[in-house]
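Peer 1: Residue numbers (this note's numbering), protein chains in the order written: chain A, 130 to 423; chain B, 130 to 423.
Hint data in this document are derived by calculation from the structure and do not stem from the laboratory. One or more of the hints may lead you astray.
Remember, identical chains collapse to one label, so a pair may be satisfied in a single copy or spanning two.
Below, a list of computed lysine to aspartate or glutamate pairs in the EDC-like style, where the Cα atoms sit at most 16 Å apart [unchecked claim]:
id, residue 1, residue 2
1, K135, D197
2, K387, E377
3, K178, D370
4, K387, E259
5, K132, D197
6, K369, E177
7, K187, E293
8, K138, E191
9, K272, E393
10, K220, E294
11, K334, E393
12, K206, D157
13, K135, E407
14, K178, E259
If you're wondering where the values come from, they're calculated on a predicted model, not measured in any experiment.
Number of protein chains: 2
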Amino acid sequence: MWKLDKNKKVLIIGLGLLGGSYAEALTDLGYHVGALTRSQSSIDYALEKGLIAEGTTKVDPEFIGKYDLLVFCLYPKVFLEWIRENQQYIKSGALITDVTGVKRSVVYPIQSILREDVEFIAAHPMAGREVYGVQNATKTIFKNANYIVTPTLKNTQEGIEACEELGRILGFRSVKTLSPEQHDEMIGFLSQLTHCIAVSLMVCKESESLVDYTGDSFRDLTRIAKINESMWTELFYMNKDELLLQMELFEEKFNILKEAIRREDTPLIHEIMKLSTEKRKLFDREKPKDPCDK
Amino acid sequence: MWKLDKNKKVLIIGLGLLGGSYAEALTDLGYHVGALTRSQSSIDYALEKGLIAEGTTKVDPEFIGKYDLLVFCLYPKVFLEWIRENQQYIKSGALITDVTGVKRSVVYPIQSILREDVEFIAAHPMAGREVYGVQNATKTIFKNANYIVTPTLKNTQEGIEACEELGRILGFRSVKTLSPEQHDEMIGFLSQLTHCIAVSLMVCKESESLVDYTGDSFRDLTRIAKINESMWTELFYMNKDELLLQMELFEEKFNILKEAIRREDTPLIHEIMKLSTEKRKLFDREKPKDPCDK
Numbered sequence: 130m131w132k133l134d135k136n137k138k139v140l141i142i143g144l145g146l147l148g149g150s151y152a153e154a155l156t157d158l159g160y161h162v163g164a165l166t167r168s169q170s171s172i173d174y175a176l177e178k179g180l181i182a183e184g185t186t187k188v189d190p191e192f193i194g195k196y197d198l199l200v201f202c203l204y205p206k207v208f209l210e211w212i213r214e215n216q217q218y219i220k221s222g223a224l225i226t227d228v229t230g231v232k233r234s235v236v237y238p239i240q241s242i243l244r245e246d247v248e249f250i251a252a253h254p255m256a257g258r259e260v261y262g263v264q265n266a267t268k269t270i271f272k273n274a275n276y277i278v279t280p281t282l283k284n285t286q287e288g289i290e291a292c293e294e295l296g297r298i299l300g301f302r303s304v305k306t307l308s309p310e311q312h313d314e315m316i317g318f319l320s321q322l323t324h325c326i327a328v329s330l331m332v333c334k335e336s337e338s339l340v341d342y343t344g345d346s347f348r349d350l351t352r353i354a355k356i357n358e359s360m361w362t363e364l365f366y367m368n369k370d371e372l373l374l375q376m377e378l379f380e381e382k383f384n385i386l387k388e389a390i391r392r393e394d395t396p397l398i399h400e401i402m403k404l405s406t407e408k409r410k411l412f413d414r415e416k417p418k419d420p421c422d423k
Numbered sequence: 130m131w132k133l134d135k136n137k138k139v140l141i142i143g144l145g146l147l148g149g150s151y152a153e154a155l156t157d158l159g160y161h162v163g164a165l166t167r168s169q170s171s172i173d174y175a176l177e178k179g180l181i182a183e184g185t186t187k188v189d190p191e192f193i194g195k196y197d198l199l200v201f202c203l204y205p206k207v208f209l210e211w212i213r214e215n216q217q218y219i220k221s222g223a224l225i226t227d228v229t230g231v232k233r234s235v236v237y238p239i240q241s242i243l244r245e246d247v248e249f250i251a252a253h254p255m256a257g258r259e260v261y262g263v264q265n266a267t268k269t270i271f272k273n274a275n276y277i278v279t280p281t282l283k284n285t286q287e288g289i290e291a292c293e294e295l296g297r298i299l300g301f302r303s304v305k306t307l308s309p310e311q312h313d314e315m316i317g318f319l320s321q322l323t324h325c326i327a328v329s330l331m332v333c334k335e336s337e338s339l340v341d342y343t344g345d346s347f348r349d350l351t352r353i354a355k356i357n358e359s360m361w362t363e364l365f366y367m368n369k370d371e372l373l374l375q376m377e378l379f380e381e382k383f384n385i386l387k388e389a390i391r392r393e394d395t396p397l398i399h400e401i402m403k404l405s406t407e408k409r410k411l412f413d414r415e416k417p418k419d420p421c422d423k
């Protein structure tokens, strides 16, 4: 029976913002946490700050083979490649999980090539900041965030429960389960589409003088317009079908409103605005009051 | 020489969120402030809280004729109508100003029918909250906001300076001047377009369960999706040409990004994202650090 407890050694593969934050949270809870990552300076930093107990930049079979829970924090293609090349070093019976922002295109390929005696239970910690790197890692990013577990038919009840438990002990506000399909539709809309909107809005105008007049509206809509292009482009491609669907859905609604304004269809515009106001109020009821929610 | 000083009596016409906030700020500065508004309960509230010295719901020629500075906080069409019907009661040499969110369609018609011995200097206090009514009025809404004065060839240097001074004493973060045309383009983009985006995004999905998964991205983009449909529709119509232009501009950029994703044009996507990140960073440098800017 694989249960998550402090006897399980945890290996973070990819010591960046999320990997470092997982490391900090788990080390603080008393877990033995190691790291495998490309950058020696990331390891040095993490050792110095006590985020990890040990670390290496080399794919060392003996090192890897010590661990019971492996958390992959790599770009999706690198993750798949890593499993293809190195999965033989993973301890038999180990559990592996991830933090990848898209699911179908990661979980199915990996599960299809993975050894029978190792289980991959995918998850998406919906946490992050517009900064990157282990130097910005902090376990506090989990506090107001959602953790999504995305099991498939290949996952066991044990594996799923262990992964949910991981989300709980990390301190996420909520731990939920979705299929990879539901996850990708959700993320395509709530996260990827919104970033596309923010970016498109941000690049509309040449003039820098707009900064002088900007009110809260523009600032709110472009807060997420600072974007790591390599990571986001890769995630977009890996969820392309869903993302394009969501973009087209948004375009359709936007166009309906635009044409209603053009022909001054007041009843329709009012209907859309009232629906919007109603739906938005649902958020206020659900969310604990954030002093920054003006 | 018309100068703004405490001997000038101020009349607020339309005692709502903005009118009430102007009243509070000016009364606290020692001005004599009166109000003319439709709702007796608004007047009662304002008298009780000491926002105004006196008020009436009736168009009373003697009452109106006492005032030196008239601040109109009415819906645009109502404002124009009011001037048409009641301008003869305004004291000779008085200065009138407003808070209307669009300029060309307000300032030119009003100036063209206004008496020669009364000056209308238009302004737009870019402040507001998603709530309405005098009970929500507070002079603190001016603190981090921009005040735009929109003079025309019919305005005098005195009138412009008095209006700028008004913005300064009300406590706005900045007082700037734009032509009505520049203002309408700016507001069409920064405020009206952004509200159209937020509303369109908000009405995309039926499912209430999205609330459960919402991260900061969606919340940021829909913060302004709560919208007073009467006021906003009227303002949209009165700036329709500019708003439609800005909506089409945004649609174009959004479509470019969408098609680049569809054909996996990585160099173009990266270019757009890097430009967006660069432009967004300009905001952070310009704005004093807001603890709520995550």
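Peer 1: Work down the list of hints and note, for each, if the structure agrees.
Peer 2: Status of the hints after comparison with the structure:
For a Cα distance limit of 16 Å, the shortest separation of K135 from D197 inside one copy, 11 Å, qualifies, whereas the shortest one across copies, 76 Å, does not. For a Cα distance limit of 16 Å, the shortest separation of K387 from E377 qualifies both inside one copy, at 15 Å, and across copies, at 9 Å. With identical chains, the CA atoms of K178 and D370 are never at most 16 Å apart, being 42 Å at best within one copy and 57 Å at best between copies. Within a single copy, K387 and E259 get their C-alpha atoms no closer than 32 Å, and across copies no closer than 22 Å, so neither meets the 16 Å cut-off.
Taking the shortest alpha-carbon separations for K132 and D197, only the intra-copy value of 10 Å comes in at or below 16 Å, while the best inter-copy value is 78 Å. Taking the closest pair of Cα atoms, K369 and E177 never come within 16 Å of each other, the shortest separation being 40 Å inside a single copy and 59 Å across copies. Taking the shortest Cα distances, K187 and E293 never come within 16 Å of each other, neither inside one copy (30 Å) nor across copies (65 Å). In this assembly of identical chains, the alpha carbons of K138 and E191 lie at most 16 Å apart only when taken from the same copy (14 Å versus 85 Å across copies).
Proximity of K272 and E393 under a CA criterion of 16 Å is satisfied in neither setting, with 45 Å inside one chain copy and 35 Å between copies. Proximity of K220 and E294 under a CA criterion of 16 Å is satisfied in neither setting, with 21 Å inside one chain copy and 74 Å between copies. For a Cα distance limit of 16 Å, the shortest separation of K334 from E393 qualifies neither inside one copy, at 27 Å, nor across copies, at 24 Å. With identical chains, the CA atoms of K206 and D157 are never at most 16 Å apart, being 31 Å at best within one copy and 63 Å at best between copies.
For a Cα distance limit of 16 Å, the shortest separation of K135 from E407 qualifies neither inside one copy, at 46 Å, nor across copies, at 44 Å. For a Cα distance limit of 16 Å, the shortest separation of K178 from E259 qualifies neither inside one copy, at 22 Å, nor across copies, at 44 Å.
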